[in-house]
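**Q** The chain contents come next:
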Amino acid sequence: KNQVEQSPQSLIILEGKNCTLQCNYTVSPFSNLRWYKQDTGRGPVSLTIMTFSENTKSNGRYTATLDADTKQSSLHITASQLSDSASYICVVPRGTTDKLIFGTGTRLQVFP
Amino acid sequence: DAGVIQSPRHEVTEMGQEVTLRCKPISGHDYLFWYRQTMMRGLELLIYFNNNVPIDDSGMPEDRFSAKMPNASFSTLKIQPSEPRDSAVYFCASSLGLAGGPYEQYFGPGTRLTVT
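In the order they appear, the protein sequences are chains Z and R. So for the first sequence, the working numbering puts the first residue at 1; every next one is plus one. So for the second sequence, the working numbering puts the first residue at 1; every next one is plus one.
Keep in mind the hints are simulated off the structure, nothing from the lab. Predicted model only: the values in this text are computed from it and were never measured. Ideal Cβ positions, reconstructed from N, Cα and C, are used throughout, including at glycine. Heads up, a few of these hints could be off.
Cβ-to-Cβ under 8 angstroms is the rule here; a few derived chain Z residues that face chain R [said to hold, decoys possible]:
1. 32
2. 42
3. 43
4. 44
5. 49
6. 51
7. 99
8. 100
9. 102
10. 104
11. 105
Residues from chain Z shown here face chain R by an in silico Cβ test under 10 angstroms; the list is partial [as the list claims (entries may be wrong)]:
12. 36
13. 41
14. 95
Mimicking DSS-like on lysine-lysine, the simulated pairs with C-alpha atoms at most 30 angstroms apart in a straight line are [stated by the list, open to error]:
15. Z:37 to R:78
16. Z:57 to Z:71
17. R:24 to Z:99
18. R:24 to Z:37
19. Z:99 to R:78
20. R:68 to Z:37
21. R:68 to Z:99
22. Z:71 to Z:99
23. Z:57 to Z:37
All chains, please: the whole structure from these sequences, using the hints.
**A** In structure tokens:
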């Protein structure tokens with residue numbers, strides 16, 4: 001079954017601290033993996049797209065890793081800011097189709 | 001570019017009423033998607049279009065839901081009659097190509113629908 005699972009479900013950290021979010025997928029065939037950030041009351045916004053051959057990709061303070069062998073990805077946030085408070089969703093398209101399989105997300109709260 | 005535009009942003013209606021959600025994709029994007037987001041089920045694809053033609057509507061919950069794309073710059077999602085379980089946030093997204101391409105999907109701000 002094509003699934004995307006994320007952990008933890010929620011996370012609370014202090015401003016300035018680092019954190020890592022996890023994503024495991026069983027989607028097959030695999031073409032790419034995406035991380036989205038969704039602020040409360042807004043639509044998801046893409047942080048990064050990683051293809052099969054990419055192991056690490058950075059977007060500012062966000063660094064995503066991908067291990068296609070173990071079917072795992074992580075999103076590392078460095079020096080967190082209050083504006084990082086949001087839901088982070090891991091998404092994997094099923095093969096070359098347009099069917100995106102969404103994870104349930106990790107709700108991150110950054111406190112001062 | 002203004003991004004994907006959706007209207008209305010909020011809709012409150014009574015059970016049994018017809019609801020129409022509207023979307024204007026990013027100019028030049030050939031693909032348009034309608035999603036629904038709930039706390040219980042997360043984000044779900046309802047239907048998507050390529051060059052104004054519906055390609056996959058297998059995610060549409062039932063016959064009460066219908067979607068149209070009369071031209072490249074406008075799409076509607078209609079619910080008739082609406083039911084309380086339809087309460088959710090409905091997102092429209094557009095892209096230049098296939099997600100497996102990989103092409104980015106750009107989401108609109110969403111329409112929060114409440115059916116009482």
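**Q** A separate judgement is required for each hint: does it hold in the structure or not?
**A** For each hint, the structure was consulted:
no., hint, in the structure
1, 32, "holds (4 angstroms)"
2, 42, "holds (6 angstroms)"
3, 43, "holds (3 angstroms)"
4, 44, "holds (5 angstroms)"
5, 49, "holds (5 angstroms)"
6, 51, "holds (6 angstroms)"
7, 99, "holds (6 angstroms)"
8, 100, "holds (6 angstroms)"
9, 102, "holds (4 angstroms)"
10, 104, "holds (5 angstroms)"
11, 105, "holds (7 angstroms)"
12, 36, "holds (8 angstroms)"
13, 41, "holds (8 angstroms)"
14, 95, "holds (6 angstroms)"
15, Z:37 to R:78, "holds (28 angstroms)"
16, Z:57 to Z:71, "holds (16 angstroms)"
17, R:24 to Z:99, "holds (21 angstroms)"
18, R:24 to Z:37, "holds (22 angstroms)"
19, Z:99 to R:78, "holds (21 angstroms)"
20, R:68 to Z:37, "holds (29 angstroms)"
21, R:68 to Z:99, "holds (19 angstroms)"
22, Z:71 to Z:99, "holds (18 angstroms)"
23, Z:57 to Z:37, "holds (16 angstroms)"
Against the hints set out earlier in the document, no violation occurs for any number.
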